[in-house]
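Novice: Below, each chain spelled out in residue letters.
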Amino acid sequence: MENNLLSWLIWLPILAGVLVVAAGRGEGERRDALARRLALGFSVAIFLLSVPLYTRFDTATAAMQFGEHAVWVSAFNIHYSLGIDGISLPLILLTTLLTVVVVIAGWKVITERVAQYMAAFLIMEGLMIGVFAALDAVLFYLFWEAMLIPMFLIIGIWGGPNRIYATIKFFLYTLLGSLLMLVALLYLYNAAGGSFSILDYHALKLALAPQVLLFLAFFAAFAVKVPMFPVHTWLPDAHVEAPTGGSVILAAIMLKMGGYGFIRFSLPITPDASIELAWLMITLSLIAVVYIALVALAQRDMKKLIAYSSISHMGFVTLGLFLFNAHGAEGAMIQMISHGFISGALFLCVGVLYDRLHSRMIATYGGIATPMPVFAGFVVLFALANAGLPATSGFVGEFLVILGAFRVNAWVAAIAALTLIFGAAYTLWMVKRVIYGAVASEQVAALADVDVRETAFLSILAVLVLLVGVWPNPLLEVMHATIDNLLAHIAVSKLP
Amino acid sequence: MTFDSLKAAAALPEIFISLAACAILVLGVAGKKNNDTACYWLSIAALAVTATLSGMDFAAGTVAAFNNLFIADPLAKLLKIAVCLLSAGAFIYGRRYNRARGIFTNEYYVLGLFAVAGMMVMASANHLLTLYLGLELMSLCLYAMIACYRDDKLASEAAMKYFVLGALASSMLLYGMSLLYGLSGSLELSAIRTALAGADHNNAAVALAVVFIVVALAFKLGAVPFHMWVPDVYHGSPTSTTAFLGAAPKIAAFALVMRLLAGGLGDLFALWQQMLLILAILSVAAGNIIAIAQTNLKRMLAYSTISHMGFFLFGIASGGAHGYSASLFYVLIYSLMSLGAFGAILCLTRADHESDRLTDLKGLSARNPWVAFLLMILMLSMAGIPPTAGFFAKLAVIQALVRAELVWVAVVAVLLAVVGAFYYLRVIKLMYFDAPEEQPEAARAEPAPLDARLLLTFNALGIIAILPWIDGLISLCADVIRRFAI
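Chains as they are written, first to last, in the numbering used here: chain A, 1 to 496; chain B, 1 to 486.
Extracted from the complex, chain B is given alone in its bound form (with noise of 0.2 Å):
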């Protein structure tokens, strides 16, 4: 077996990025004290190379490379390309906010890196074991960045909710592949769909198999009523580390719920759709609500996400092309605005303020007006208001569920939307109508970074501007998604 058998060239950017990574752990250890600086930048250019090099070739067909392990398919490149820029945005946004706690270290923006390269991982897997490997990879970094933050009560506490949480769902993912392997004797997800394919979906094995695998995916993606571990993760993370885990792992969720359901289960989606509506609309009712009961801004974003994962299974529940295509692009608008909700949170935080309560943003369009407004797009997009790209993509979402005759979904899917709607207006309120608590002086003795302040900019007003293209984005889904082989 040689090398160019292998293809490897197929997993450039992965080999990339993990030699990027330790090139870097070894720089930030070995080199002089105080690099911390450089492997951040390093690290950053890692990520912009990466998505250079994931990007190559966007047009050529699919490879799959060391013997059907990998595939690199236009649906791979996007997602990897999305995972990196959106780290990047991550690292931007929380540089200050990570050097005033003394988590500005190289080993985190290692960790980060490594997670990165598990995500990519996950989303050219073609294989149960790839699959695995790339979210255990993810989630034990993803652990260690939480954990980072040590001095900190409630990080700590978050790292081991998510942990024991996380580990709890890898088992039931295990137990559902080696119920799968069990069935189709194979590990390979073609493979599995070619002998599944005419599977019994009465017979036992076969559903206690989808259910396990389900359970595993609404866990990591934290669809009610799994979704206990996400309030208590992102509000107790530092928020450099909420932002980074809000925004790229969504993109990883979705190659997760892709390759297994869409691709390795595609045949069983009859059995394997009506649960994933169940949990849909509990998600979107239960994040909703619970999210108007919020007083801690972090928190409330973390209830906003849950529903938000409603909408975008509801996508992956309409199945068939139009709908994965729709959750495609739900799930990349979402975690831009994610990403961007809590790039704000950390603009307005300084080093003895996390600024992370509702209350903060009393008056804040009085005291930063502009990152007042920037937060109010944010809010209307995730409210899915037009003019906004967040109403694009719940458009997509509810046509993808229209045209599979689930008109009543559909319609309970928009009322639960309106309850949404309140939370995200109540913070435009806070920001706009109410006074503020604290004297503006504090703020503006400290404004943000400049990079992270134009990284917002462009973050949010980019969520209204790419309105008029919005055609080629939503084009690139539906495309990448035809030519996922399924």
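Here chain A stands alone, though its shape is the one from the complex (with noise of 0.2 Å):
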């Protein structure tokens, strides 16, 4: 175990859904309370397992470490190769971490299907620690692709009204790009002289042609994923449909697949391209940040408005990365991690809702802090968060990233920070509309505050956005090595 801990955390989860799932067979609830507390027990267990890699991480090194590497496919060159670096680190964690949370989230919620729910969950959580870990192309799409399956059913067969439309939509969307990186990536196999090695890769010299459309290809899977303006509109249908749970981790790690295949893929490979397009990303960046946020505003729908501010959210990352300067890059990857914590704990508040008056609809609500002051409390929070107040994780990101857009344009600086008033807007607005104000109703005055179960959750997310607002060292120490290699990678052109 001490020297395959990745493999470990890939397929101990996996594992752990099989048996869940064989254990919750049948009906009853003896057997779902089984199956719950089997996947707590093993998410928990994954957590811990998933520590000692930030304990026995060398932060002196950007070279990947934990490394695994065996023969997998000779014919093809493919091999199980597994490594990470300080970028997926504090992704596998929050991986890890969520996966928990989600657990507890649908404990009570979820009554039909118990067991394959919370293997659902399990499996995918392998599956993208998987795709963190892999430093060969084929596997890194097996796992970015198999995916897609659980979360495909997670929506499916647990979502709302339009959950149908919802869940293909968003199947054939990430499908669509993906495939073209595939191509992509068969490219590269065949100019790389037989290797899927991402490593090899990274110091393949490249002609700018290729180097664009590949460059192209990578932008059609890593955009849709993250999602960038104009391929999002897969994003707020599925967040809508999808239970708390599936909205969590879509929101919390799946659009971080985006931002990560930008940093794994796009901008070492493909270096030269990246600053011949930088112009494309960071407009469409700046689109996502500005016209996304005034979308927002407009939603009577608190998981849409959420699902808009995530957008905007991640065209805060996508900028980052695209000023290739280490403000711009280190903003992003907090960004990345503090918009985890955040997205996930809104849309948990929202499931917390919910699933007291099943209706996700602003104007159903009002006046719930007198009910529930405890939850109002935890609402509040989050949603300043969300708008960027100092002291938490959110503002963090933000600030990294336009003080590094200030270095390259005074201009763009000042369009991404138009985010801090739309931001505010919107969810003061929102916050302002559902917890304060006159009790709107009956229904709403009889509301019963959060309980242990939900205060849990709701704590764990808590304590990481304060921490991360306030002590970002940890974090940063960690990736630090890495986004400087990576800058100086950039840096040096690719070109024969």
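In case anyone wonders, no lab produced these hints; they're calculated from the structure.
Nothing here was measured: the structure is a model prediction, and the numbers come from that model.
Hints are not guaranteed to be accurate.
Quick look at which bits of chain B chain A covers, simulated, 3 or more residues with Cβ under 8 Å [stated by the list, open to error]:
#1 57-69
#2 380-386
#3 393-404
#4 429-435
Don't be surprised by glycine CBs; every beta carbon is placed ideally from N, CA and C.
Build the complex: two chains, separate frames, hints provided.
Specialist: See the structure below:
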């Protein structure tokens, strides 16, 4: 276990998922309870298992750590090759942590096919860790696509009324982008003389024309995932229809894979094309930041509002990455982690309300603070973090990205900074209408405050949001060497 | 000419299965009444023995027998094993179905065995006559296997249509072959190759011969625009026969394409590559798009077959050992998936209910969770979604295209694969997201026989479980193609 920690982290959740389904087979409350307990036990164990990744991580080097290599398909030179650096590590920890949260969040709410629900999340956890740890392009692609299957089922089986439209749209959008990436990977395989190693691709010399085409193919895959304007339309649909747990994983982790893809593939493999096309990426990011924020302002459905807010915040990630300076890149990374906490928490908050009144409409609520004071406290905290209040994690990322943007172009920075106004506007306006004001109806007045279970998962996220906001150093330390190395790598042209 | 000089031992599997088929036929007619069950089991046993015989001396070199009419190389052996196993699988899946519809007769299985013999002859053909003989033996048996279900209007129509169009395709093939004979003066594939090695590609006769051959192959494969018979035949045939003709004959078709195009006409690659590319793109496009409009599961799978044949042709059109071995791998995996998909339909079919409409799948995950799960794996694999063997099959073909510098064709292929993913996903949607239309009790009253369910489990789970060892299969395909005597 010492030497193949990453393999354990990938395969244990998948095995656990199979076990949970097997244990929860058949009907009856006892079976469901067993499935829930098993799922919680496994997810906590997997989280604890992932902690040594952090404690034993060497922050001084940008090289891949915890490496594992074995030949898999010799005919195509595909390797089972794993390893993590300062960019994958935080994302893996985010995954293991949020899976625990999601299992707790689905504890009482999910009453149908409980075992399958829990298993889907556990299996997805393993696949997501696989995406972040894979160093072989085919292995990466395998995890990347396989992950769609549990999510497709989660939205389709446990989702809302329009779930089928949403989940098929989600699947096909993502598949389209991914398959173009597959062609790009195969092109690189032949260009690299028959290697699927991502690290080999990093060192590969490429002329500008193929670089641009490769960049666009990768863009198709990652921009859909992030999602960037104009391929973002699947996200609001998927979020609105997904069950709470699905929304959390989708927003907190799956979107990050787009950002991760840009960092792992687009930037280091096609640096010249990235610089060449940075204007496009920056423009699209700014459109996401400003236009989508305005769209969010107009939403009446809380989940939709948070979904649009996600797109807007993810605009900061892509913006930061294509500024090509340390502030921008580190800001993008912090923003990814922080957005994982905040959007996850906000979706959980909507879930808490939805479980009680079965409505996501802002208009249904009003004056929640009176019957649910503790819950109101949490919502206000997460909302302020979403708006980028200093001393929360939301501030650090956005601030660093804006700082990075100033070094490139003051106008870009100024437009990006608009988010501080718009973000505050749509989030706080929602808080005002939902939490404060007169109590909207008798049903709202009769709401029970959060119970121990709900307090537990909200507290975990609240602590993390504040911790990263006040003391981001443990996080920055981990990724510092990797990001420096990445920026140095991009600065050297790969043109032959 | 002695028996030894014919090296007839190389054809031992064919000889055995033909004798076995005759013996079973005699037993069925001469023996006591109602021995159909015995004939069925004997047929399965005959297929198992034939597969074993085919696999003997697998690593041995190529043996040309019967004065070069017949060749036993590793490729032929691999294809024969696959044909026998897939056919046995189709027999096992179809037993209950056939019994309920009055076609559980010894003739049905004897015809099946003769069809297998035909496919095996095709796999080993080194001569246009042998090739044609094998092809016709297979085709005639298939027509009859469809027509066996004679009380059914659709089946009779399908048999008729298949027969007429099959005969048309055969005549085109014959015409192409006669032109080849005129050009080269020989019917032996290696001699044709030598004679045509320096042929002028602009020569009208050469081009005409190649066109006729390619058209005939496209007919047999069901590539667009020669695909019209496929949906009707798949739909109209009794499902047990559809399972049979959806799997093993695809392997035989691979043999046909390899022996004729890659073997005999190998030096005219540039000439037929363009034709195959156009056929392939049209097949993938039309197959995937028209499949969306289908309401019958068998018809949908027929259009899916057309698109898969397009992918198979992409591999061949990429050329070289890489392209051919990618195609071989693709066709092996595809026939497994196709067998499994029809096997799943057969497991759901009951005496009074065909269960072949898409709506019959509604809510299957509640009624029959295990079959629903297995069918989901098969559908994902057909769509080429990892982690399934279907993904690796597509990967191999697309890799061959990219390697042959046909990147734009690869892009078109993957874009159309996204279109295809939609109707496979719709099957999953029907099974998992929709509420059932009929009462679950009706389905539970008549579960599929244990052997069919076990086979389906192996068949579908194997498509995922093979992944850690998939290297073995891919390497085997590459090795077999490398030793293919071109």
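Novice: Does each hint hold? Answer for all of them.
Specialist: Evaluated hints:
Only when three residues or more bring their CB closer than 8 Å to a CB of chain A does the claim for the stretch 57-69 of chain B stand; here the count is 0, and the claim is violated. Requiring three or more residues with a Cβ within less than 8 Å of a Cβ of chain A, the coverage given for the stretch 380-386 of chain B holds, as 3 such residues are present. Look at the stretch 393-404 of chain B against chain A: 6 of its residues bring a Cβ nearer than 8 Å to a Cβ of that chain, three or more, so the hint holds. Remark: the stretch 429-435 of chain B is confirmed as covered by chain A, as 3 of its residues place a Cβ nearer than 8 Å to a Cβ of that chain, reaching the required three.
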